[in-house]
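Going line by line, the protein sequences match chains A and B.
Going by our numbering, the first sequence opens with residue 1, and the numbers climb by one from there.
Going by our numbering, the second sequence opens with residue 1, and the numbers climb by one from there.
There could be a bad hint or two in this list.
With a cut-off of at most 27 Å between alpha-carbon atoms, the simulated DSS-like pairs for lysine-lysine come out as follows [said to hold, decoys possible]:
hint: 1; chain 1: B; residue 1: LYS15; chain 2: A; residue 2: LYS38
hint: 2; chain 1: B; residue 1: LYS54; chain 2: A; residue 2: LYS16
hint: 3; chain 1: A; residue 1: LYS3; chain 2: B; residue 2: LYS41
Pulled from the structure, derived: some chain B residues nowhere near chain A, Cβ distances all over 12 Å [to be verified]:
hint: 4; residue: GLN17
hint: 5; residue: SER27
hint: 6; residue: LEU47
hint: 7; residue: PRO61
hint: 8; residue: ASN62
hint: 9; residue: PHE65
hint: 10; residue: GLU68
hint: 11; residue: GLU85
hint: 12; residue: GLU106
hint: 13; residue: GLN107
Computed, partial: chain B to chain A, Cβ under 8 Å [stated by the list, open to error]:
hint: 14; residue: TYR33
hint: 15; residue: PRO81
hint: 16; residue: LEU84
hint: 17; residue: GLY112
Simulated from the structure, these hints should not be mistaken for laboratory data.
Remember, predicted model here, so these are calculated numbers, not experimental data.
Beta carbons: idealized from backbone N, C-alpha and C, even for Gly.
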Amino acid sequence: AQKVTQAQTEISVVEKEDVTLDCVYETRDTTYYLFWYKQPPSGELVFLIRRNSFDEQNEISGRYSWNFQKSTSSFNFTITASQVVDSAVYFCALSEASRSKLTFGKGITLSVRP
Amino acid sequence: EAGVTQFPSHSVIEKGQTVTLRCDPISGHDNLYWYRRVMGKEIKFLLHFVKESKQDESGMPNNRFLAERTGGTYSTLKVQPAELEDSGVYFCASSRRYGEGGAPYEQYFGPGTRLTVT
Numbered sequence: 001a002q003k004v005t006q007a008q009t010e011i012s013v014v015e016k017e018d019v020t021l022d023c024v025y026e027t028r029d030t031t032y033y034l035f036w037y038k039q040p041p042s043g044e045l046v047f048l049i050r051r052n053s054f055d056e057q058n059e060i061s062g063r064y065s066w067n068f069q070k071s072t073s074s075f076n077f078t079i080t081a082s083q084v085v086d087s088a089v090y091f092c093a094l095s096e097a098s099r100s101k102l103t104f105g106k107g108i109t110l111s112v113r114p
Numbered sequence: 001e002a003g004v005t006q007f008p009s010h011s012v013i014e015k016g017q018t019v020t021l022r023c024d025p026i027s028g029h030d031n032l033y034w035y036r037r038v039m040g041k042e043i044k045f046l047l048h049f050v051k052e053s054k055q056d057e058s059g060m061p062n063n064r065f066l067a068e069r070t071g072g073t074y075s076t077l078k079v080q081p082a083e084l085e086d087s088g089v090y091f092c093a094s095s096r097r098y099g100e101g102g103a104p105y106e107q108y109f110g111p112g113t114r115l116t117v118t
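Build out the structure end to end from the sequences listed, making use of the hints.
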């Protein structure tokens with residue numbers, strides 16, 4: 001069975017601080033996909049990134065970066081120079097190649113204070 | 001393009017009543033998913049349609065839940081009769097069919113329907 005663990009539940013930082021959101025996953029499949037979604041106060045989940053299990057290159061998109069390490073089954077998300085608009089709930093999710101449904105972690109509530 | 005829409009945004013019903021949630025996916029998206037988040041818990045998968053066919057309904061909690069997707073367009077999720085434990089936020093998501101090498105496309109989510117059963 002697949003499982004996603006987001007051990008951090010709430011994080012509070014001051015604007016401009018860097019913050020890392022942790023994600024650890026479990027799966028028996030050799031081919032799988034990892035995702036991060038952001039849920040702002042408006043409620044919808046906003047897709048941020050998809051990474052497949054064969055691509056361990058780290059990715060950077062503006063202030064966002066992702067560190068995928070198969071050796072530790074982790075897919076961590078770092079926000080550099082955080083801003084108030086980054087305040088949201090962030091979900092890590094996993095799907096196995098054989099099924100497209102997403103398995104989510106419990107989410108991390110990030111609060112960025114001015 | 002318009003995003004995934006869900007109706008209603010909130011619903012408050014009494015135990016034993018019936019409620020129908022509606023989801024309109026992004027136009028052209030064959031895949032449609034229903035998920036649910038019960039307070040304090042993870043977002044959990046309910047079922048997956050490919051066009052009008054149920055591809056995977058392994059997450060449906062019991063036979064009080066009935067999902068349909070008429071003509072492969074919008075979908076409805078009916079709860080009859082509702083129980084207290086059905087309270088939560090119901091999300092709908094849609095995506096295109098599989099991409100290169102069978103890789104799943106990202107799912108686009110609607111804002112959810114908050115269901116409260118009293």
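We went through each hint and held it up to the structure:
1. For the given pair, LYS15(B) sits about 32 Å from LYS38(A) by alpha-carbon distance, which is inconsistent with the 27 Å threshold.
2. Among the hinted pairs, LYS54(B) with LYS16(A) is inconsistent with the structure: their alpha-carbon atoms are about 46 Å apart, more than 27 Å.
3. Between LYS3(A) and LYS41(B) the CA atoms are separated by roughly 13 Å; this keeps the pair inside 27 Å, and the hint holds.
4. Taking the minimum C-beta to C-beta distance to chain A, about 24 Å, the non-interface status of GLN17(B) holds against the 12 Å cut.
5. For SER27(B), the shortest C-beta to C-beta distance to chain A comes to about 17 Å, beyond the 12 Å cut-off, and the non-interface label holds.
6. Not every C-beta of chain A lies more than 12 Å from that of LEU47(B), the closest at about 9 Å, which undercuts listing it as non-interface.
7. Distance to chain A confirms PRO61(B) as a non-interface residue, since its nearest Cβ pair spans about 15 Å, more than 12 Å.
8. Against the 12 Å criterion, ASN62(B) stays outside the reach of chain A, whose nearest CB is about 18 Å from its own CB.
9. At roughly 16 Å, the least C-beta separation between PHE65(B) and chain A is larger than 12 Å, which holds for a residue marked as non-interface.
10. Listed as outside the interface, GLU68(B) is consistent with that label: its C-beta sits roughly 18 Å from the nearest C-beta of chain A, beyond the 12 Å cut-off.
11. Consistency note on GLU85(B): stated as away from chain A, and its beta-carbon is indeed over 12 Å from all of that chain's, at 18 Å minimum.
12. The Cβ of GLU106(B) sits about 5 Å from the closest Cβ of chain A, inside the 12 Å cut-off, so the non-interface label is violated.
13. Its beta-carbon lying about 7 Å from the closest one in chain A, GLN107(B) breaks the requirement of being farther than 12 Å from that chain.
14. The closest approach between the C-beta of TYR33(B) and any C-beta of chain A is roughly 7 Å, which is under the 8 Å cut-off, so the hint is satisfied.
15. Evaluation of the PRO81(B) hint against chain A yields a violated restraint, the C-beta minimum of about 26 Å exceeding 8 Å.
16. Interface hint status for LEU84(B): violated, as the beta-carbon distance to the closest one in chain A is roughly 22 Å, over 8 Å.
17. Because the closest C-beta pair between GLY112(B) and chain A is about 5 Å apart, less than 8 Å, the hint holds.
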